[in-house]
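Novice: The sequence shown begins at 1 in my numbering and counts up one residue at a time.
Think of the hints as simulated: they come from the structure by calculation, not from any bench.
Any given hint might turn out to be false.
Claimed, not checked - Calculated cross-link-like contacts (lysine-lysine; reagent style DSSO-like; alpha-carbon spacing at most 30 angstroms):
id, residue 1, residue 2
1, K80, K100
2, K39, K166
3, K115, K166
4, K139, K56
5, K56, K116
6, K139, K80
7, K55, K116
8, K116, K80
9, K55, K39
Unchecked claim - Pairwise CB distance ranges (calculated):
id, residue 1, residue 2, range
10, E164, K122, 22 to 30 angstroms
11, D64, Y96, 13 to 21 angstroms
12, N82, D52, 19 to 27 angstroms
13, T130, K166, 32 to 40 angstroms
14, Y75, G147, 16 to 24 angstroms
15, K116, T69, 15 to 23 angstroms
16, V156, N82, 21 to 29 angstroms
Ideal Cβ placement from N, Cα and C applies to all residues, glycine included.
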Amino acid sequence: MLFKNIRLLTLITLGIVSLNTISCKKENKTVKQIDITFKKEGELNLYNSSNDSIKKRLDIEIADNEYETQTGLMYRNSMKPNQGMLFIFDDVQERYFYMKNTHIPLDIIYINQDKKIVSFQKNAKPLDETSLPSNVPVKYVLEVNAGKADAWSLSVGDSISFSEIKK
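Take these sequences, add in the hints, and give me the full structure.
Specialist: Here you go:
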């Protein structure tokens, strides 16, 4: 009887060792990184403060929930010149953005609850985690390719309007 128990215990032990060997087997898997592409969710107009003429019309992605506002344009490799991302917040407060995991140099345009531009952070450096504050309370933030704020002659006091595409 003792011999049968030892034999059974040995078989069970070998079975466990075999299962562990199989389950711990090292596999060569490569992780494929997907390219995040632009999805047009709305249109935005930038207006000149002195005569209300349209300075620029953009296709926009909209970030209006916690995940989207935290992620923004992270992990993107490019953005077309006529595209941007509009962040819409529920409240009005000073905002702090940074470029963690963001590969595209950006102009960050801070906009108050009246949809007027109140400040800029121009030419934000990719992958830089330095805080880029609005310096005043804002409700909206628009991110565009670096250099566009100057190319479009945007100024504090200029305004925006936007419309969302129904999903």
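Novice: Which hint numbers does the structure go against, in order from smallest to largest?
Specialist: Violated hints: none at all, because every hint is consistent with the structure.
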